[in-house]
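Undergrad: Each chain, written out:
There are 2 protein chains.
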Amino acid sequence: MTDKNIQLVSTISDDNKLTLSLQDIGMPQPGADEVVVRIEAAPLNPSDFGVMFSAADMSTAVQSGTDQNPIITADVPAKVMPALKTRVNKNTPVGNEGAGTVVAAGSSPAAEALMGKMVAVIGGGTYRQYHCVNVRNCLELKEGTTAKEAASSFVNPLTALAMVETMRAESHKAIIHAAAASSLGQMLNRICMADGIDLINIVRKEEQEKLLRDMGAKYVVNSSSDAFIGDLTAAIAETGATISFDPIGGGQLTSDILNCMEAAITRDVEEYSVYGSNTFKQAYIYGALDRGPITLNRNFGFAWGVNGFLLFNVLGKLGTETVASMRKRVAEEITTIFASSYTHEVTLQEALQLQSIAAYGKQATGEKYLITPQR
Amino acid sequence: MTDKNIQLVSTISDDNKLTLSLQDIGMPQPGADEVVVRIEAAPLNPSDFGVMFSAADMSTAVQSGTDQNPIITADVPAKVMPALKTRVNKNTPVGNEGAGTVVAAGSSPAAEALMGKMVAVIGGGTYRQYHCVNVRNCLELKEGTTAKEAASSFVNPLTALAMVETMRAESHKAIIHAAAASSLGQMLNRICMADGIDLINIVRKEEQEKLLRDMGAKYVVNSSSDAFIGDLTAAIAETGATISFDPIGGGQLTSDILNCMEAAITRDVEEYSVYGSNTFKQAYIYGALDRGPITLNRNFGFAWGVNGFLLFNVLGKLGTETVASMRKRVAEEITTIFASSYTHEVTLQEALQLQSIAAYGKQATGEKYLITPQR
Numbered sequence: 001m002t003d004k005n006i007q008l009v010s011t012i013s014d015d016n017k018l019t020l021s022l023q024d025i026g027m028p029q030p031g032a033d034e035v036v037v038r039i040e041a042a043p044l045n046p047s048d049f050g051v052m053f054s055a056a057d058m059s060t061a062v063q064s065g066t067d068q069n070p071i072i073t074a075d076v077p078a079k080v081m082p083a084l085k086t087r088v089n090k091n092t093p094v095g096n097e098g099a100g101t102v103v104a105a106g107s108s109p110a111a112e113a114l115m116g117k118m119v120a121v122i123g124g125g126t127y128r129q130y131h132c133v134n135v136r137n138c139l140e141l142k143e144g145t146t147a148k149e150a151a152s153s154f155v156n157p158l159t160a161l162a163m164v165e166t167m168r169a170e171s172h173k174a175i176i177h178a179a180a181a182s183s184l185g186q187m188l189n190r191i192c193m194a195d196g197i198d199l200i201n202i203v204r205k206e207e208q209e210k211l212l213r214d215m216g217a218k219y220v221v222n223s224s225s226d227a228f229i230g231d232l233t234a235a236i237a238e239t240g241a242t243i244s245f246d247p248i249g250g251g252q253l254t255s256d257i258l259n260c261m262e263a264a265i266t267r268d269v270e271e272y273s274v275y276g277s278n279t280f281k282q283a284y285i286y287g288a289l290d291r292g293p294i295t296l297n298r299n300f301g302f303a304w305g306v307n308g309f310l311l312f313n314v315l316g317k318l319g320t321e322t323v324a325s326m327r328k329r330v331a332e333e334i335t336t337i338f339a340s341s342y343t344h345e346v347t348l349q350e351a352l353q354l355q356s357i358a359a360y361g362k363q364a365t366g367e368k369y370l371i372t373p374q375r
Numbered sequence: 001m002t003d004k005n006i007q008l009v010s011t012i013s014d015d016n017k018l019t020l021s022l023q024d025i026g027m028p029q030p031g032a033d034e035v036v037v038r039i040e041a042a043p044l045n046p047s048d049f050g051v052m053f054s055a056a057d058m059s060t061a062v063q064s065g066t067d068q069n070p071i072i073t074a075d076v077p078a079k080v081m082p083a084l085k086t087r088v089n090k091n092t093p094v095g096n097e098g099a100g101t102v103v104a105a106g107s108s109p110a111a112e113a114l115m116g117k118m119v120a121v122i123g124g125g126t127y128r129q130y131h132c133v134n135v136r137n138c139l140e141l142k143e144g145t146t147a148k149e150a151a152s153s154f155v156n157p158l159t160a161l162a163m164v165e166t167m168r169a170e171s172h173k174a175i176i177h178a179a180a181a182s183s184l185g186q187m188l189n190r191i192c193m194a195d196g197i198d199l200i201n202i203v204r205k206e207e208q209e210k211l212l213r214d215m216g217a218k219y220v221v222n223s224s225s226d227a228f229i230g231d232l233t234a235a236i237a238e239t240g241a242t243i244s245f246d247p248i249g250g251g252q253l254t255s256d257i258l259n260c261m262e263a264a265i266t267r268d269v270e271e272y273s274v275y276g277s278n279t280f281k282q283a284y285i286y287g288a289l290d291r292g293p294i295t296l297n298r299n300f301g302f303a304w305g306v307n308g309f310l311l312f313n314v315l316g317k318l319g320t321e322t323v324a325s326m327r328k329r330v331a332e333e334i335t336t337i338f339a340s341s342y343t344h345e346v347t348l349q350e351a352l353q354l355q356s357i358a359a360y361g362k363q364a365t366g367e368k369y370l371i372t373p374q375r
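Line by line, the protein sequences give chains A and B.
Residue numbers for the first sequence, in full-length UniProt numbering: 1 to 375.
Residue numbers for the second sequence, in full-length UniProt numbering: 1 to 375.
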């Protein structure tokens with residue numbers, strides 16, 4: 001073990017520039033309840049891009065430095081700088097999750113028990129070589145699990161499971177998911193198939209429709225189709241879905257979903273109510289793939305909610321017991337239900353090449369990057 | 001007591017016409033748990049207009065019939081007819097609340113106890129002369145209360161109290177109210193002053209600002225002012241308000257409120273979070289004064305909810321004990337905190353004059369109509 005420990009940091013300076021660079025932060029010493037994990041694999045998730053690129057205009061990105069020490073700079077529009085004031089001139093480590101072997105442990109029994117084990121970790125900037133984390137933020141995998149298999153154990157698996165658990169906690173009986181061909185969406189589809197939950201998948205393209213149907217998805221509707229509203233309403237009438245999860249946000253999709261729910265619910269109702277149905281309709285927005293305005297065209301009565309959905313907050317709401325069983329399930333089924341696949345593997349240095357950024361920044365369905373900081 | 005019992009009904013026919021007319025429905029016989037109330041006063045609330053006018057284009061309204069039996073007809077746009085299919089060709093009685101003397105009672109002790117008493121009633125079409133209602137839907141007033149004083153005992157008082165109780169149940173510490181110079185808004189202001197709750201009143205006009213300040217309101221912000229966003233943010237920072245109630249819906253006000261909440265919350269925060277603050281921000285929409293799209297410009301992180309707020313559903317959520325104490329408070333303070341004032345009194349016949357409809361249909365601040373079916 002050397003003393004070198006490279007991490008990827010994102011910095012916004014007060015002259016409206018974003019800089020992405022690598023820094024040697026040295027080898028950490030674990031506290032009593034901490035372990036040092038040699039990060040061997042860490043995924044590039046859409047949720048990482050918010051920290052990494054922030055509000056910079058990446059079309060202005062230029063690369064400098066050396067192959068070993070690449071530096072990316074890009075302009076940040078002046079008008080968004082006030083909202084970023086608490087970030088300015090601070091090095092922000094990037095990377096929400098990753099996996100690797102525990103190479104040093106603190107003195108507590110919980111920390112010592114992880115020595116030499118393969119763990120997944122959450123939080124604190126995983127795009128680095130060695131990460132010192134509290135044991136609370138580690139998930140021990142079954143023996144034989146590889147770092148690549150374990151790399152995406154938290155964000156997508158727990159978010160998908162949190163959707164299902166939220167559906168249960170709030171007494172809905174089927175789920176609608178938008179942008180459903182994503183890694184997360186495929187995982188949610190596998191969970192719902194395993195658990196016998198009806199899932200209505202909303203996609204935008206025919207190839208995404210096919211991908212999900214080939215995986216066994218029963219309900220797939222295409223928002224680009226002229227028949228979308230009718231198809232979605234019919235699927236809701238059949239399944240009774242009254243909860244939805246959408247990573248897009250901007251646009252009219254949330255509105256369409258709520259209106260289709262209301263149309264399906266009131267389809268066979270005999271008695272008129274000026275206030276709409278009493279059946280509660282819930283739309284959760286868990287991302288910002290479209291940062292434009294969310295437009296709600298209200299024909300869905302008064303029994304409805306539109307809420308932000310953020311994993312960390314949701315786990316707090318679901319409670320420790322449910323979360324513990326969710327984590328256990330992920331560790332047990334990481335190579336089946338919760339498997340992720342990657343189309344590209346890059347080193348920390350390669351992740352800071354303009355052409356890599358252009359590729360993974362697209363967030364295209366079926367393209368997923370993995371950072372391997374030890375190569 | 002005659003056998004005559006006139007009620008106001010709203011009917012949409014399958015030839016796309018709305019008809020408002022008076023019908024003699026005869027004197028009702030109370031069941032065991034019912035009483036017959038001689039309705040002496042019933043308010044015209046904004047919430048009644050949805051049933052009364054529905055989606056008709058009232059600019060096309062014409063009057064026919066006689067002075068004793070006026071008939072109003074208006075066109076209903078063809079495109080909204082499908083949404084109204086469960087109303088078509090049915091006489092829908094109008095009027096959500098009212099008050100008067102119990103003139104007949106069923107055999108149950110609860111019903112008999114109300115004989116001769118002044119009660120307020122909720123539901124079922126109160127724009128009539130004699131109304132047969134379950135004792136559950138009656139509120140007995142203190143001796144000496146007049147029907148005019150008791151007429152608005154349910155909709156505005158319980159809605160305003162439900163806002164305060166919802167704030168308490170959901171652990172917020174101050175309230176934002178939009179369209180705050182309304183009868184309901186003035187009532188909410190009196191409740192909050194009595195209970196020591198900070199209330200931020202949003203109005204659109206200077207005279208509304210003055211009206212509320214003259215009533216003792218501390219926080220009044222004007223959404224027509226250039227300083228609105230700054231004023232609202234400052235008031236939120238001072239009060240810690242994280243819950244709002246808005247009867248408008250359409251437009252950007254809900255979005256502005258949530259963004260101002262977030263700005264106030266993060267104003268002094270040192271640490272940057274790409275997901276925004278963890279403080280939960282709740283916006284309730286309890287009306288549809290603007291039926292246009294609700295536009296959310298999301299700069300308020302992920303800890304937020306926008307929900308419909310409908311009195312009946314909210315009372316169910318608050319629970320019977322809370323609701324019982326709310327009703328008790330209304331009966332005790334109906335001439336003070338929960339007092340309503342009326343600028344015009346009209347008979348059932350006068351309510352169906354084109355010029356009355358034009359006047360009360362405007363829903364102007366400070367203009368409120370009372371129907372007195374016994375005159």
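Since the hints were made in silico from the structure, they are not lab data.
Treat the hints with care, as some may be off.
Stated by the list, open to error - One-sided and incomplete, this derived list gives chain B residues near chain A with beta-carbon spacing under 7 Å:
#1 Ala78
#2 Pro82
#3 Val274
#4 Ser277
#5 Ile294
#6 Thr295
#7 Leu296
#8 Ala303
#9 Trp304
#10 Asn307
#11 Gly308
Note that the Cβ used here is the ideal one computed from N, Cα and C, for glycine as well.
Undergrad: List, from low to high, the hint numbers that the structure doesn't satisfy.
TA: Going through the list in order, the structure violates hints 1, 2 and 4 and respects the others.
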